[in-house]
Structures are given as structure tokens and as C-alpha cells.
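Read top to bottom, the protein sequences are chains U and C. According to full-length UniProt numbering, the stretch in the first sequence is residues 1 to 337, in order. According to full-length UniProt numbering, the stretch in the second sequence is residues 1 to 337, in order.
Keep in mind that the hints were calculated from the coordinates and are not lab data. Certain hints may be false.
Copies of the same chain look alike in the list, so a pair counts if it fits in one copy or across any two.
Said to hold, decoys possible - Within a straight-line C-alpha distance of at most 25 Å, the following computed SDA-like cross-link-like pairs (lysine to any residue) qualify:
1. Lys15 - Val52
2. Lys142 - Ala31
3. Lys259 - Ser309
4. Lys142 - Pro37
5. Lys15 - Gly287
6. Lys142 - Cys21
7. Lys142 - Gln40
8. Lys142 - Leu36
9. Lys15 - Ala253
10. Lys224 - Asp214
11. Lys224 - Ala31
12. Lys15 - Asp245
On a predicted model such as this, the values are computed, not experimentally measured, just so you know.
Below, each chain spelled out in residue letters.
Protein chains: 2
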Amino acid sequence: MTETINSLGEQGLLKIFRQYCSEVVGDDAAAMGATLPDRQMVVTTDMLVDEVHFSDRTTSAEDVGWRAAAVNLSDLAAMGAQPWGLVMSVGLPPDTQVAWIEGVYRGFSECLQTYGTELVGGDTVRSPVRTLSVTAFGQVPKNQIIQRHTARVGDAIVMTGLHGLSKAGLELLFKEELKEKLLAPLKIGNRILAGNDLVQAICRYHQRPTPRFDAIAIVHKILKQQNHLGDFPISGMDSSDGLADAIAQICRASEVGAKIYWRSLPICRAVRTLAGDRALDWVLYGGEDFELVLCMPFELAEQFVNQLSGAVIIGEIVEGDRIDGLEMRSAFQHFNV
Amino acid sequence: MTETINSLGEQGLLKIFRQYCSEVVGDDAAAMGATLPDRQMVVTTDMLVDEVHFSDRTTSAEDVGWRAAAVNLSDLAAMGAQPWGLVMSVGLPPDTQVAWIEGVYRGFSECLQTYGTELVGGDTVRSPVRTLSVTAFGQVPKNQIIQRHTARVGDAIVMTGLHGLSKAGLELLFKEELKEKLLAPLKIGNRILAGNDLVQAICRYHQRPTPRFDAIAIVHKILKQQNHLGDFPISGMDSSDGLADAIAQICRASEVGAKIYWRSLPICRAVRTLAGDRALDWVLYGGEDFELVLCMPFELAEQFVNQLSGAVIIGEIVEGDRIDGLEMRSAFQHFNV
Numbered sequence: 001m002t003e004t005i006n007s008l009g010e011q012g013l014l015k016i017f018r019q020y021c022s023e024v025v026g027d028d029a030a031a032m033g034a035t036l037p038d039r040q041m042v043v044t045t046d047m048l049v050d051e052v053h054f055s056d057r058t059t060s061a062e063d064v065g066w067r068a069a070a071v072n073l074s075d076l077a078a079m080g081a082q083p084w085g086l087v088m089s090v091g092l093p094p095d096t097q098v099a100w101i102e103g104v105y106r107g108f109s110e111c112l113q114t115y116g117t118e119l120v121g122g123d124t125v126r127s128p129v130r131t132l133s134v135t136a137f138g139q140v141p142k143n144q145i146i147q148r149h150t151a152r153v154g155d156a157i158v159m160t161g162l163h164g165l166s167k168a169g170l171e172l173l174f175k176e177e178l179k180e181k182l183l184a185p186l187k188i189g190n191r192i193l194a195g196n197d198l199v200q201a202i203c204r205y206h207q208r209p210t211p212r213f214d215a216i217a218i219v220h221k222i223l224k225q226q227n228h229l230g231d232f233p234i235s236g237m238d239s240s241d242g243l244a245d246a247i248a249q250i251c252r253a254s255e256v257g258a259k260i261y262w263r264s265l266p267i268c269r270a271v272r273t274l275a276g277d278r279a280l281d282w283v284l285y286g287g288e289d290f291e292l293v294l295c296m297p298f299e300l301a302e303q304f305v306n307q308l309s310g311a312v313i314i315g316e317i318v319e320g321d322r323i324d325g326l327e328m329r330s331a332f333q334h335f336n337v
Numbered sequence: 001m002t003e004t005i006n007s008l009g010e011q012g013l014l015k016i017f018r019q020y021c022s023e024v025v026g027d028d029a030a031a032m033g034a035t036l037p038d039r040q041m042v043v044t045t046d047m048l049v050d051e052v053h054f055s056d057r058t059t060s061a062e063d064v065g066w067r068a069a070a071v072n073l074s075d076l077a078a079m080g081a082q083p084w085g086l087v088m089s090v091g092l093p094p095d096t097q098v099a100w101i102e103g104v105y106r107g108f109s110e111c112l113q114t115y116g117t118e119l120v121g122g123d124t125v126r127s128p129v130r131t132l133s134v135t136a137f138g139q140v141p142k143n144q145i146i147q148r149h150t151a152r153v154g155d156a157i158v159m160t161g162l163h164g165l166s167k168a169g170l171e172l173l174f175k176e177e178l179k180e181k182l183l184a185p186l187k188i189g190n191r192i193l194a195g196n197d198l199v200q201a202i203c204r205y206h207q208r209p210t211p212r213f214d215a216i217a218i219v220h221k222i223l224k225q226q227n228h229l230g231d232f233p234i235s236g237m238d239s240s241d242g243l244a245d246a247i248a249q250i251c252r253a254s255e256v257g258a259k260i261y262w263r264s265l266p267i268c269r270a271v272r273t274l275a276g277d278r279a280l281d282w283v284l285y286g287g288e289d290f291e292l293v294l295c296m297p298f299e300l301a302e303q304f305v306n307q308l309s310g311a312v313i314i315g316e317i318v319e320g321d322r323i324d325g326l327e328m329r330s331a332f333q334h335f336n337v
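If we strip away everything but chain U, and leave its shape as in the complex, we get (with noise of 0.2 Å):
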């Protein structure tokens, strides 16, 4: 027989999330330290929950806890900052499997290890559907806060990586037969794959999003090497509402326009594989890819696609509060069609 939480008790259920807990957990909050010299703290905090955010169908355990952990270190990155601890609150019926919710903890940690950081606390409560709430602190230089407010026109528009595949992976989980698209060799990241390892591959980057801390190192050496004085230049944040999204957000958020250079536009080949005519339409609304889209002056630009294997200029900020001259909306739709 499986073995549900019911089961298990309260101090069962305790007793498995402090494996996975750094501090000593049993005081009523976690001891964190300070804020380091020049650093301040950047909070965010995100829900997820049963059928809305995740399900049984698509998401093992493990990548219900990693995603969990990821989009919330993808807002930190997105702010500029490196992560300085977490705590997760998990609501779970009565009769969840105890193998899920330790699958849950084990990918979140997994995620957590992968990028130098801690589960410091938490809570578990009794709820009809299973719900992940998590909040993740960081750490960012003073005056470094990347933000969506400060792009300045003559900016070039900066994109971490590709667009479009968790919209593909996500297909391919739903849609079994796209998987007949994929028997012939593809590129997929740097290596060729072909069937079932690259179905896997691109199912990959549905499940296990990445927070792009390393695109905001490259972002901090650069400016060390600058030595760069004046206001902060870079702006920008994840495109975890779609590539379009992104750009819209910053423009709104700066009042300015963009001019976007479709040509320059990367589109992987799996995805205009799979996609076909709408290859264009998931990478601008796939969403979720959680990658960053940051402007900045064209010197820095340059530097920062030179030592970030992926990154490409894909377009620049203008006057006005146009993109491409076009209603923002119409302006991704008219090149989407």
C-alpha cells in the first residue's frame, strides 16, 4: 500500500521536510545573519498550486518542487540579485502520497543546491488541494537593482537565450503525437539529438526552468571592469509571461518604444519544427522560458552577448511608446502572422 501523509502524522511529515531544511528548524522563525557590506535585500514570493500551476499529468514530484524553486530564484536574477535563502509552505490533503511531497522537497533542493542557496524554513498545513507557497530573498549590490522602470532610448534590447521551448516541451507532454516530428537529428542546446532524446530534451525545458543567475555575473564583471559611475544602466526582467510580454512591460514601465529586429529574431529549429506556422507565436507568447530581457547602453550590450554564449541583441529602445511604430499589441501581431 502507498503511504499517505494521514498516515504518516504531523511529525512524520516535519520530520521529512527537515532533511531537506538547512537550519536548525524548531524556533519560530530562521536566524538568516545580515545583509552583507553594500548589499541590500530583494524579496519575492510565488503560488502554486494543484491543476492550476502544476499537475499529476505533465509534472513528476521532483519537477513540481525544482520548478517551485525556480521561478522564484528567476524573479531574484531578474532583480539582479544571487539568492540568499528560501522558505516553502506546503498545503497537502489528507491522502497526498508521502512519496509526492518527498519528491517535492527533493527537486526543490535540487534546484536550491544547483544554485548555492537554502530551504531555511517553513510550513506544512493541512489543505482539499495540494499548494506550494514560496519566498525567496536575495542579495543585490546597492544600486545595481536591475528594475523595469529605467531603460533609456538608444538601449539595446538583450535577450539570455532562446525563446519558445517550455511552449514545446509543454506541447509535446500534452500532444503525443508531435513526438512523430521529432525522429530526425535536431540541434537542441549544443548537442544533436534525435526521438526520444529529444523529446526529452525539449520536454526538459518545460520542467526544469533555469534562473539565469549567470547572465547577472556576467552583468556584475562587466561593470566591475567598467568601473562604472553614474546611474545604473541596465534594466530590464524575466520573461516569464512570454518574450513579448517582457518587452511590453519594460517599454510601459519606461515609457518608451522598441524597435525589434525581427531578422535577428533567433528561432530555434525545434521549435519551427514542431510549431510550423506559429514557430513565431511561441517564441514572442510561449511563455515561461525564464530567461532574462535586459537593455542596456550597445558598448555593454556587445560585451555581454560576446561572454554569454545564447544571448543576442534583438532589437533597441526608441521615443515614444510605440513598438515597431505600432500599437504595442498590433506590433508583435503584425510580424506574428
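Dock chain C against the given chain U, drawing on the hints supplied.
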């Protein structure tokens, strides 16, 4: 017709949220500044689920919001911290009334204002069950964190206020007939009340728990006057799970025993009147009073109870692993029959 969040839409909901949020919400994370000099951060988180932790039958939306804030703030106070900020994620079914969630934010905000802190971020998602997840972070002077495992033999055990009133409030909310016991005037807090006023005052103990930051301020004041050197002399936790539980937890974590001064243990008239023979039961196990149970040298404890109205020395820490020489559970049961 009553407006639901479904008809309001995501943007409308976000607009309500922003009214109660101090920061410019719009970036991926909230910027908080650095910890103050010689302070460190503590973090706590709690999830509250409809029909598990609150109910329309006993709790107004405002009180749900207040409670969600207060339980987290009490955890900060229990660590000796002052609040720095909070985030709240909310999961809502589409048919949730807009008035309900507005009430929650209003009550939450009222509690935060009372204790001089702010809502700095959050998330709003769809969920089949109303769920609130709050994370609170606070700052505490370095080496002055109040923990459970540092109680020492010879310490006095102090409680910051009366126990059993939250339970009394809950009983009154469920059992209409109990109100008849409250026709005669009774002293409650610093007032003498009777009838409906008395009922309401008692219910309020359950509906509006009070984090004891005032007690923490007195702790810091006394320590400052003492010019205290060496190990931090104060241990403890809050009594959210009951007075008996707090004493037992501290003893277990510190590997000590306790002697309780049963004759000094105050039981207020309202609890006696409502609970009858079970008054001590309510005091020990009622729970949710959110007082602090602190252990400290008698010399400090005497100053502390002199300065904090309602605080009482209720026992002392002794060698061993028993309370009053008995197994922890039976120690409390022994005096409870």
C-alpha cells in the same frame, strides 16, 4: 449583485492589492534595503487555509487578514525581533467576493500599521480553496535571538499575559448559549464589562491576537540597563500552540525540567465563568493566545514583570527532563483534573 473576483479580472485584483502594498509593485521582487548595523534577519512563514484555519462562520474577512499578519508577527516577537516587512500570497476561487478579499487586505494592513510595518509584495493566483500564505521577516540585535533550546536551570519561567481567553472567545463564537453566563459584570483587561460588550471583548481575544512586541521592547531595555555581557540570558517561544505546549517544548529543546507555581498561575474570571471545571484546561491547552513564554534569570524576570503589566512568573527551570517531577504530559494532566 455581489461582485466576484472573476468579474473583476486579474488587473482589477492587482489594483486592490496595490492599494495595500507599500512598495512600487511592478518589478519581479521587492527591494528592501540592508539590515541595520549589528542586526540580523529572521524569517517566518505560515499558511492559512479556508475551513482549516479560518471560517466564515466565526471570522470576518478583516479578522482573517489581521490573524494572518498577527500569527507571523508573533513568531518574530518570539525570536526577539522587530518586524521589517511582510509578503502575502493569496489563492482564490473565481467566485470569491471582492468584498471578502478587500476585507482581508484591510485587516492585514491594519495589523501591520499597528506594529509599524508594511506589506511589500505578494502574489494572487487562482485556487479551488481560499488560501493565504504570509512570510514575515524581522531584525534582531546580533546575539540577542530568543530561542527555545537555551533555557538554563535556575531560570524563572515568565508568561507575558493571560491564557485561555482565545479559547473562551472561540467557544463563545460557536456556542450561542454560553453568552447567558456573561450577564453579570466582569473585569476583562482593564475594563469592567457585562452582557454583549463582555462577549465581544472576549471574542476579540480570539479574533485579533496581539503579537507581544511590547514585551520584546522591555527585554531590550532591561538588557541595555544591565550592560549585559556573556551569553544571551533569555530563551523562549510564543504560546500559539498552548501554554503547556510552550513550556514542554522549551524543556525538551533545552534538556531541562520545570517546576510550575500552580498557585501563582492566573486564571481570569471570564475563563472561570465560561469554562467552569475546565478552566485550567483552557489555560494550559486552549492555544492561540500568542503570548510569549520566556525563561530568564530571576533577577531579570523580576524587573521584567514589574515593567510589563500582566506578566507573571509562573515557574522555574529545574534539572532533569520532567515537569513537577512527572512526565511532561502527566504533570499537566495531574493538575488539570
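Name the hints, by number, that the structure is in violation of. Violated: none.
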